[in-house]
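J.: Following the hints, put chain B in place on chain A, whose structure we already have.
Protein chains in written order, with numbering that gives the first Met the number 0: chain A, 0 to 484; chain B, 0 to 437.
Read the hints as simulated data drawn from the structure, not as lab findings. Accuracy of the hints is not assured; some may be wrong.
Result set (DMTMM-like, lysine to aspartate or glutamate): computed pairs, CA atoms no more than 25 Å apart in a straight line [stated by the list, open to error]: (1) A:K438 x B:D435; (2) A:K438 x A:D36; (3) B:K207 x A:E122.
Note that the coordinates shown come from a computational prediction; the quantities given were computed from them, not determined experimentally.
Next come the chains, spelled out residue by residue.
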Amino acid sequence: MKTPTALVLELIEAIGEDAVVWHDEDLLVYEYDGTIDRGNPDVIALPADTDDVSALIRIANKHGASVTPRGAGTGLSGGALAAKGGVIIGMNRMRRILSVDAENKTALVQPGVVNLDLGLEAERHGLAYAPDPSSQRACTIGGNIAENAGGPHTLAWGTTTNHVLAVELVTADGEVQWIGHDTRDEPGYDLVGCVVGSEGTVGIVTQALVRLVPRPSAVRTMLAVYDSVRDASNAVSAVVASGIVPAALEMIDKMTIAAVEPVLNTGFPLDAEAVLLVEVDGPESQVEAEGARVESILRRFEPREVRSATDHEEREHLWAGRKGAIGALGQIMPNYYLLDGVVPRTKLPDVLDAVYEIAERYRLPVANMFHAGDGNLHPCLLFDEREPGATARVLDAGGEIMRVCVDAGGAITGEHGVGLEKRDYLPWIFSEADMDAMKSLRAAFGPTENFNPCKIFPAGHGCGEAGHQHHAQQQIAKFGPKAFV
Amino acid sequence: MSASDAASPGQPPPFEGLDTISEPVRLARYAVDDSLPTSAVLATGISDVERAMADASAAGLAVIPHGGRTMQCLGMPPQRYDTALDLSRLNRVVDYEPEDFTITVQAGMTLSTLQQQLAINGQLLPLDHPHFEQATLGGLAAVGRGGLRRNSFGGPRDWLIGMRMVQADGTAIKAGGKVVKNVSGYDLAKLFSGSLGTLGIIVELTFKLRPQPASDQIIAIGAPTLDDAQRAARAAANAAPFLNGCIALSADAAAEARALGARLLQDEPTIVLRANGLESAATEVLSHALSAIREVGVDRPERRTSEIVETWQAIADLELQTPNEHVRLRLGLPPAKLVQAQVLLDGHLNNPAQWIIAADSGLLFVSTPRVDADTIARLRRELGPLRGRLTIESAPPELKSSVDIWGPAGAGARLMHNIKAQFDPQTALNPGRFVDGI
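Bound-form chain A, shown alone (with noise of 0.2 Å):
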């Protein structure tokens, strides 16, 4: 029988034996995120509210123990793991949605209320939460602030930063303060604008004041399939420069259908190399004409077909399969590693065969679905785990894909966030200097060395080694730490 340390029975005595989970077994489940790292966490909290947050964070800072947030444990970057053990600090009881102002367009939520909870909460307003992440399902308002979450429909409306007005953040010192406005009046810094993907390393979020935006009255979904996936994104890039906005633009290749078609039944066909999912909205008349528009740009590339969903019903299945893609890729292989590249849009073309030009000489199956009009790319290279050697060549592919959108003129994560898993990377876009500049911003936060430790920037003391940061250091001796400063 494990005997429970000093920090335990603190916990427990702060917030209650049902909200504490420190039994070996028990931890589990918490050594995971949706990445293939993993952290050792030694006890996990469950705060019921702002105080107990509070008591938790000075409770661990007493015992110098670090805290790491969690929401869903959704996250693709390894932001909610445990990188040097701890306390997790879980948000998932915390997840009212508080008050829906519909003539103000905002909405109070507390970080554990699930994205997709909220969109529907704001449905029933003649509203709409635009930041509409493919785990929506499952990922959480906080998470979702942590990393500046994006998704299909941030294309025309911006992601999580443009939409979170106010937040009640409680920082690395246990202090809690609201920073923020309704309407973004209050005088001073944008602690807002700071604090939203800041990756959880700066404080916890306990309460968002969020934007709602009205809903089109209108809505069209095309489906368009091409025989090759070059002739889909010089549509994507032709779409985009005709000055039209679509409301989303989504490119899913052969591989992702290959693994979403017989779980799903979309209606992709299987022996298509791309298709794209492009949507409009707005006013009736703006959607007629405007989908009549996008529809002759996507005629230009030589599709097989375009067509239109036609309902509500159909609309929403095209959806799942964009959607559902990542959960249906465990079809083809039991692992995946998948990216967040971004790159200005005009080099998606280039980009992608890049992609599968690394993919095909690491001898790794890539399947790729992706926010084409925002040049946000999710390659996702498929492995087994148990093979010896699968998951080096993985990270190394990995590595070169993030350097070909670096040189791109891109970034190494569009939504997702650096996290433990990019954190060696970031020094190809950021010089020292900049790096140093973000952490006296961090540092203006408190005491953040112990707050969720190991993340963002290259690994600092007592990191240990996560899974592939030695892949890591042999990317970076390759191309040079200093390549694109």
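T.: Quick look at chain B alone, frame taken from chain A:
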């Protein structure tokens, strides 16, 4: 302390080799409130800014960055002011990729020059700023506030995807990149946007862009009173959420905007609506808005103009067209509270004038010939429950000596001071002009 006094023995004087001004008569243009600098540096490249800041930092000089100086009225009087750093010559396009819908420009480029360059490719940056032919993009970002169309388009923070800055010690850094979606590292572009030049000097900015709409339409409708105009504008905003602008103007504001070139307007309380998109869509949105206006009993005929940009810019310019010695207030609050806020201001202010109310955005500008610190304090107190924030945009120096133009910084003040201490430990940049004495 003058620049030459500050140099240590054996060190070259600060700013040697840079284009500087020290004659008092030429320095007058760099006055901030009642303060004059002892020198000005005219930077022509980023390296000049690095040099200037390194020298200023070594010599302990206080620096105020200058762009087009359209908003230097904003802020508390500087606690110290030795050097003006003029960025207006940093006015080049660094990189423009029309097909990517992104542009990188130097900080001294004016908003109107940018818009002209973008228009060649049928693109635009949908931000409003008074005096756009003079306002620079660096200044616009440093002030960092959304304008009359912020309900549709947000503010500079929402369009900036990358930035290059020079820190207080002269170190050049960058943030973000040239892609429209990016979470690689902290978003320092957000931190610097709206920091009023207190954290570093913004030298280069990358924006994402929008296509010019196929159709952009403005209509104006006269109303018997400002109350009617505002109620009608609120009704329009509720009925037509896809409007790209929904403003109520008082009769004197409409008259002034007309004098500035908005021919659409007459000297009466007026509702101004803007919609864009495909022609049929813009027309549809405006017709929804008009029906809502008719339903609240405002029935004067609507007027149209083809001079969209001129008309809108004249209204945006009103913000800086404050009658001499008047105090200009800016209020931001949830849009549904605007009517209550207007009543409150009307009750407390002495002859309030030139009302501009962005009914969809929760923004209200008003000017008054006189206001005292007690009245401002009372207004702020009573605006509290409405979640309103009141800033004094421009005021004579004597008022600034007795009242905080920003109002209380709220619970974030502690973090803001920490950030300032990290980025500008010598308090060399715009000292004392920002929130809570920062």
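J.: Quick one, are K207 of chain B and E122 of chain A close enough, alpha carbons at most 25 Å?
T.: Distance ~29 Å between K207 of chain B and E122 of chain A Cα, so the pair is violated.
J.: So if I understand the rule, the pair passes when the alpha-carbon distance is 25 Å or less; does K438 of chain A with D435 of chain B pass?
T.: 24 Å, holds
J.: Would the hint linking K438 of chain A and D36 of chain A be met if the CA-CA limit is 25 Å?
T.: Distance of about 24 Å is within 25 Å: holds.
Checked against the numbered hints above, the structure breaks only hint 3 and satisfies the rest.
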